[in-house]
Every structure is written in C-alpha cells, then in structure tokens.
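K.L.:
Protein sequence lines correspond, in order, to chains A and B. Numbered according to our numbering, the first sequence spans residues 1 to 537. Numbered according to our numbering, the second sequence spans residues 1001 to 1323.
Be aware that one or more of the hints could be misleading.
Here are the simulated DSSO-like pairs of lysine-lysine, each with C-alpha atoms no more than 30 Å apart in a straight line [as the list claims (entries may be wrong)]: (1) A/K82 / B/K1280; (2) A/K426 / B/K1054; (3) B/K1317 / A/K426; (4) B/K1054 / A/K418; (5) A/K453 / B/K1280; (6) A/K124 / B/K1054; (7) A/K23 / B/K1317.
Pairwise CB distance ranges (calculated) [to be verified]: (8) A/L181 / B/A1184: 51 to 57 Å; (9) B/V1173 / A/P369: 50 to 56 Å; (10) B/L1185 / A/H371: 45 to 51 Å; (11) B/T1204 / A/K120: 20 to 26 Å; (12) B/V1323 / A/D192: 38 to 44 Å; (13) A/E330 / B/S1287: 50 to 56 Å; (14) A/H371 / B/S1287: 51 to 57 Å; (15) A/L181 / B/D1186: 36 to 42 Å; (16) B/S1287 / A/G433: 37 to 43 Å; (17) B/P1065 / A/E330: 37 to 43 Å; (18) A/E311 / B/G1081: 34 to 40 Å; (19) A/D192 / B/S1287: 45 to 51 Å; (20) B/E1063 / A/S30: 53 to 59 Å; (21) B/V1173 / A/A141: 23 to 29 Å.
Here are some chain B residues the structure puts well away from chain A; computed CB gaps all over 12 Å [unchecked claim]: (22) S1018; (23) E1023; (24) V1028; (25) M1151; (26) K1192.
FYI, nobody ran anything at the bench for these hints, they're computed from the structure. All values reported here derive from a predicted model rather than from experimental measurement. Beta carbons: idealized from backbone N, C-alpha and C, even for Gly.
One-letter residues, chain by chain:
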Amino acid sequence: MATLDLLVSPLGRVEGDLDLAVKIDDGVVSDAWTTASMFRGFEIILRGKDPQAGLIVTPRICGICGGSHLYKAVYALDTAWKTEVPVNATLVRNIAQACETIQSIPRWFYALFAIDLTNKNYAKSPNYAEAVRRFAPFVGACYEPAIVISSKPVEIYAIFGGQWPHSSFMIPGGVMSAPSLSDVTRSIAILDWWREHWLEKMWLGGSVDRWLENKTWDDVQTWMNENKGHYESDCGFFLRYAQEIGLDKFGQGVGRFLAPGTFFQPELYTHPTIEGRNAALISRAGVYDGKTWHEFDQARIKEDVTHSFYEGKKFLHPFEGVTEPIDPEEGRKHGKYTWSKSPRYDVPGIGYVPLEVGPLARQIIAGNPNHAAHQNYDPLIYNCYQQMGPSVMLRAFARMHEAARYYKMVRQWLTEIKLHDRFYIKPVERAEGQGFGATEAARGFLADWIVLKDGKIANYQVITPTAWNVSPRDGQENRGPMESAFMGVNVADAEDPVELGHVARSFDSCLVCTVHAYDGKSGAELAEFQLNGNGSC
Amino acid sequence: MVSLLWLQGGACSGNTISLLNAEEPSIVDLVTDFGIDIVWHPSLGMELGKNAQKLLYSLARGERPLDIFVYEGTVIMGPNGTGRFNMFAERPMKDWVIELAHQAQIVVAIGDCAAYGGIPVVDPNPVDSIGMQYFRRHKGGFLGADFRSKMGLPVVNIPGCPVHPDWVTQILVAIATGRAGDIALDDIGRPKTFFTTFTQTGCTRNQFFEWKQSASEFGQGTRTGCLFYELGCRGPMTRSSCNRILWNRQSSKTRAGMPCLGCTEPEFPFYDLAPGTVFKTQKISGSVPMDLPTGTDHATYMAHAAMARVAAPSWSKEDIFVV
Ligand code: SF4
Ligand code: SF4
C-alpha cells in the first residue's frame, strides 16, 4: 500500500494562508490537518479601546466580508448599549449586508471556484471544452463579464455607506446616512440591471420567478429541460458538468450545520437584545444535527485551543474568551498546528461538536417548515441534501441559489424605506455592558462578543465562518468540518491536487477571516508529517 | 509583457477585493489589454501547492524576471523577530518579501498596512508589524530607508484602507506603458497625482465647511452640515482623492454622511482608537478643534471661523440634501 504524506501550501484561494496537510493511502485521503498560518491579533488590539473601535477594526479582519463584520459589530454594540434602532436603519443595514453577499456570489463562483473546473485533470470529460470556453480565468466568455458585474451590487452599498469595502457607516442606534429619493431609485435601477445582465441572462437563462418555483431536486431537472435557455445557462451547465466530473460525490464534511441567521424584521427589532434575536430574524438561525433542527443559542458556543497556537487547552465561552498567542514552534511541541481556534457547539443530546457553517447550513435551516410569517422558508436545498447528501456540488449550488433569494429581499426592502422617517436615534453611551451581534457573511457564521467596562472594551471576541469550517481538532480529537470533508477524497495527481482545492473552495474559506486563527493525533506524528512535507519542495 | 507578483502578509485582502471593483480598466483589462502577466496572486493564482512554491522560488532567486512586486499587508516580524506569526509556503513571509523585493524592478506597497502599518500596528502591535519602507511616518520600515528596487525607486506607497481601485490600476497602467518615470512621489512615498488634493476636495459638504455649519448628529442629521466640527471628519487634513474619483463610481464616505477617518495618512487609525476618539472631533477647551485643516493655525482658524459664522447665509442652516 502506497502511503504518501502531502503538504499543500498555499492552498486557499481568496487569502493565501491556508496550509493543508493530508495523508494519502492509494490515492485516497486518509487523514487531514488544516493550518491557518497567519495571526494578526485584532482581538488584542481591541482591548482597552473606544467601545466603537470594533466598527473600524473588525471590518479590516476580512476585506471580502468587511460589511458583514460591520453588521454584526454594530449589533454587538446595540445590545450592549441597549439602543433603539429605527425601522429605516434596519432596512438600510439589511440592504447593505445583502448587497455585499450578492456581490460575493458571482465573484466567488467565477473568480475562485469555477476556474478549477477548467483543470487539465478533467480534459477527458465530454464538456471540458465548454467549461474552458466559459470559465477559463481572464479569457473565459463568462469570466470578465461576471467579475465586472459583481461590482454592481456594492455600488448600492456605496450609495448608502459611502464605499465598499470598509465603510463604518453603521453605528449604534442606526446608520450615518439618510438617503434621498434618487439614492433609492438609483439603487433599484442598479439592482435590476444586475438581475437582468447576470442573474437572468447569464446565470439562470430565464426568470428569477420561474427559478424560485423550484422546491425539489426533481423540480430542478424539470426546469433544466424546459428550454434551451435554462439548459445552456451557467447554472444549467454547472449542475450538468459538476455531476459529469463527480463533484456531487465528495467533500461531505461533518454533516451537522449551524446558521446564526441574519436580516431583521425592522419592527420586531427596534430594541435589539440577545434574547429577542432569533424571533426577529428573517433568514433564520438554527442548528441541524443530521436528523432534526434545534433553536440557536449563542450561550452553547465554546472555543477550544487544545490544538491551536494559544496558551493551554482552554475551552471557553467567548464572553470569557482569551487570545493568548504562543510561538508556533513551541506550540508544535504540544500538538498544536494552526492559528484557528476550534469553535464547538453544544448540540442538545449530543454535546460539543464541530458544525459546518455557510450557505449550505443556511439553506438547510431555511428548510425547516416551522417558521413565523416574516421568516424565510425554502425547501429546495434541504430536499437536494436529503436526495444526495452534502458534497462540493451541493455547497456551491446552495450558495448560487441564494442569489435569487437575496435579490428578491433587497428589492423589497428598497421599497420599504420611508425617506421622511428617522435613520438614527442617538444612543446613551453606556460605560458598562455586554453584547452579542451575529450575521451570515457570504461564507457563514460571523459573530462578535463584546464586554465593556469603564467606558472601554474589556474583552472582544470574534468567531468567523472560517474558524468554524477550518477549525482544527478539538480536545475530544474531533476533526474540524473541512478536515472531515477532505477524508476519503480521491486525489488523481498529487502534484496538482485539484480535488483538494475543490473541497477547500466549496467552503470558500477566507483565511484572513480567521482572526484567531491546531490537533488530534499526537504532536509527534504531526511533526513527522510536516517534515515529510518540507522534504518535498 | 510586464510580470507582476502579488503577495499578502498581515492583510485582510481588502485591497485585492477593492481592485476587483475596478472598471476602465478592470483587472481583466490589465491582463488582456495592457499585457500585465499576473504570475501569481493569492486570490487569482491558478497554481496550487508545490507548483506555486516552485514558481515563487524561481522569482525569488531571480531565475525568472519580476517587473512588479505588489505587497499587501504588513510585514509581520513576531514572535521575537522570527516572523513565524505569518508563515507562507512554509517560510516566514518576511523572508519571501526581502528576496522578492530585491529582485523586482518596482516594489509597490498597496494599502495602509503595507505602506505604513495601518490597523495591525495599533498599540500594542501584537504581532510586531511594520510597513515595507515606513513605520507610520518614520522612514525605514522593513526594507530600510535606503532601499531601492532594481529600477532605482523607493517603494511606491499606495495607501488607503483599502486603496481605491483606480489608484492601483492607473499606477499599474503607467508602469506597463513605460511611464514609471512620470510617477512623482511625495515625501512619504505616495504618487502625488492621487495624494496631493484633500479628501475635502470635491466633498459635497464644502459649502457647510465654508460657513462653519455643523452636522449635529448622524442619520437624518447628515442631510445638512459638515462633519468636521462634531463628528470627527479628517477631510481637510487628509491627502486623498476620494471625492474626486468616487468610490464604486457612486459616492464617498463624506458624501454619504460618514466622517473621513484619514486612512491615506500614516497615522491612521488616529489616536490609536483610544476611548473617546472614535467618530468624535477632538477639542481643546471644549470647543476648538484640536486638529485643524492643513496649513492653518489656531489663531487664524478661529478668526476666520467667527467671521464665517456671522456671514453664514440662512440656507446653510437648512437641509440641502433633501428627499
Ligand atoms: S464633511 Fe469632511 S471632507 Fe466634507 S467638507 Fe466637511 S470636513 Fe471636509
Ligand atoms: S474618505 Fe477618508 S477614510 Fe474614507 S477612504 Fe477616503 S481617505 Fe480613507
């Protein structure tokens, strides 16, 4: 039996600092370790600073989902300061957060994910030439238009927030801007231009409304074969080609999911509280344990550092959380292997386990038929999940499906803004308090926990989607979700392990998104493993 | 063909992502129309794993020519000068940076972090970050005050948190079309063409500034007034072109009602985000702004302000950005 240790570095496209170590037996991955290889210490910077410093600092954790950082950071302060948030402000915040995510959908697909579909390993596939024609980087027929068009939704962000990325225009009590009529009409025109030119013309080859009639995987097949437009669309082609090259067959992951939810029904969240959060959400929060759904409760989250480059083996809730980095060389001696902490969730009846976050998680939660009138219910992806289980393809599909959903929501919110009403209610700047804010970044769970004392930040902890998905083993030696997803993957060419790239990218790991950015097996084995990797370059 | 390598150190990718918003030229135009050969980029690179590593070594050893080395993010020196807080392709990033910088014709620091340190150097600078050729306003940085790239230029700093995409594309086009010699740099390494005017140049609130009329609070309060007096706007002392070359082709912070944070200046974020300094104008004896528009002093500023207030027309006290 041929055993090969392979260290792939760098791997993560988006931000280069994800190292992956895998063990391959006869071409099949038999073990995996994910390493986030950079630490910047933003949580350390925030200690002792102005309470609002998180509005400036946390967006800079990740330039790709900086708007999502701002969105959850402001809710952490709203809950800590007990503010009142006018309806208009919630609408503008929702619009901005959603526009960042819809920017990310085509950009992620064409610039980061689909270019791997043109890898020479697939040259024997019947549709390979067509994949190259569409998706080849820079020169593919769909590449440039999609990249350029992806910058449109954030033009709407700029209208409300001044610029994207890295505005800090959401503040406790509301937003800094007060749009005029032409700001709103122009936003509608830009959004509809995006729908027409990308979502309908390129992606769906048909109407958004027809797409949203699809409730099951069988419906999708009917849709596909209904006309040439659907069949030949990028969506139609992707689903056909993905099955042709087997993307529906690997990258399962841990099979348990978490969504913190996002977007608030404005009237239901004028006085943001931690307890009132779930009921006010439009895109729901929840946990799916592989069989059934549970309510989300932030109190059930803890972060483990047994295998991460931080002091000791602490396992703490973020309000008590600490960020105490150590020299990775020293950490390796103790079986630590990454800067990512291991967030774990106490699932009722199961205990603390790793959970997958992201679009697939969101859509599985959206498939829960128990919902209030203002909340999203969408059975499509949950049906697909039941039919074929999680995979690289389904993760990508879940994300793309959200384009149509988010379009509808933003369009609606834009009509609900009442220009003559308030956008801000000046809050009392409380010297003491604690708050929690969370959202769905395009790639999933993103949340802040803030503790204020004497008018300063006493503690600030951020958990990113990447921390969940690329988390290392925990104290129980459970692999993180992406590590699990690598297990059993067939690698055709160890020199160009494109399959591993597919898995990583299906999670859209955005490494820089890991603020605190290690192990299961004994430390000794890992060290040996790393050595083999180093020896190969 | 002009070869370009782009690496990210203590960064957030924000500059890369901002660049993807570019039009005329778009990032694709840079490749297809201007002959820029992006040898590798963390978000756009096709090569994975060992293939990427071979490529990086061939550039770092000078076996393959490198025209433009773009670096985004701080150079991370910790812990204890080892650089191990930021490993890249199995080495400390700082080791890659020093080799590549000495092989490149031109070195471009993109964004505040690479240029001056930015957010990561805020007290207590937990990972020992440093800019490429500066630490905040002090010349030196990682490469040293005397560093010159093969073409004889210091590091070209394009600051901003993040940079505006046009600031980057126009400089890259200038280099690709043989105009590198026309890029005049100011005393802290910024291309003068973008960083001589102020954020205030072109701000829609200038008339309120002129008559010393303040926006009183955020939200509906920013339908009138200037953000300088109460809300901490740094527009009059920040060299940027944010209101000349709009963001996302639509707007700018100050137009939308958000105070300029001064992100193209080496001191950003100002006052190290100490309690009481965020979104609030810092004042002397409760009323006089501590930081004044570039080139003025307190005595002249106050005399001018008093006159302006007296002369202020009535419309300057009303909403002009009306529904
Ligand atoms: S809002 Fe800022 S940039 Fe605009 S005029 Fe006032 S001080 Fe100048
Ligand atoms: S307005 Fe000020 S803070 Fe905003 S991008 Fe321009 S220089 Fe930076």
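K.L.:
Hinted pair, alpha-carbon criterion (30 Å max): A/K453, B/K1280. Please report holds or violated.
P.N.:
holds, 20 Å
K.L.:
Run the distance test for A/K23 versus B/K1317: straight-line Cα separation, threshold 30 Å.
P.N.:
violated, 70 Å
K.L.:
Measure nothing beyond the straight line between the CA atoms of A/K426 and B/K1054; if it is 30 Å or shorter, mark the hint as holding.
P.N.:
violated, 56 Å
K.L.:
Using the beta carbons of B/T1204 and A/K120, state whether their distance is inside 20 to 26 Å or not.
P.N.:
violated, 53 Å
K.L.:
Is 45 to 51 Å respected by the C-beta to C-beta distance linking A/D192 and B/S1287?
P.N.:
holds, 48 Å
K.L.:
If you check the beta carbons of B/V1323 and A/D192, does the distance land in 38 to 44 Å?
P.N.:
violated, 22 Å
K.L.:
So the hint says 51 to 57 Å: do the beta-carbon atoms of A/L181 and B/A1184 match that?
P.N.:
Because 43 Å falls outside the window, the suggested range is violated.
K.L.:
Does the beta carbon distance between A/H371 and B/S1287 stay inside 51 to 57 Å, or does it fall outside?
P.N.:
At roughly 54 Å between Cβ atoms, B/S1287 and A/H371 fall inside 51 to 57 Å, so the hint holds.
K.L.:
Could you check the hint for me, namely that B/V1173 and A/A141 are 23 to 29 Å apart, CB to CB?
P.N.:
About 25 Å separates the Cβ atoms of B/V1173 and A/A141, which means 23 to 29 Å holds.
K.L.:
Hinted pair, alpha-carbon criterion (30 Å max): B/K1317, A/K426. Please report holds or violated.
P.N.:
Satisfied, since the Cα-Cα distance of roughly 20 Å is no more than 30 Å.
K.L.:
Check the non-interface label on B/M1151: least C-beta distance to chain A beyond 12 Å or not.
P.N.:
holds, 26 Å
K.L.:
Please check whether B/L1185 and A/H371 have a Cβ separation lying inside 45 to 51 Å.
P.N.:
violated, 58 Å
Hint violations for this structure: numbers 2, 4, 7, 8, 10, 11, 12, 16, 18, 20, 22, 23, 24, all remaining hints satisfied.
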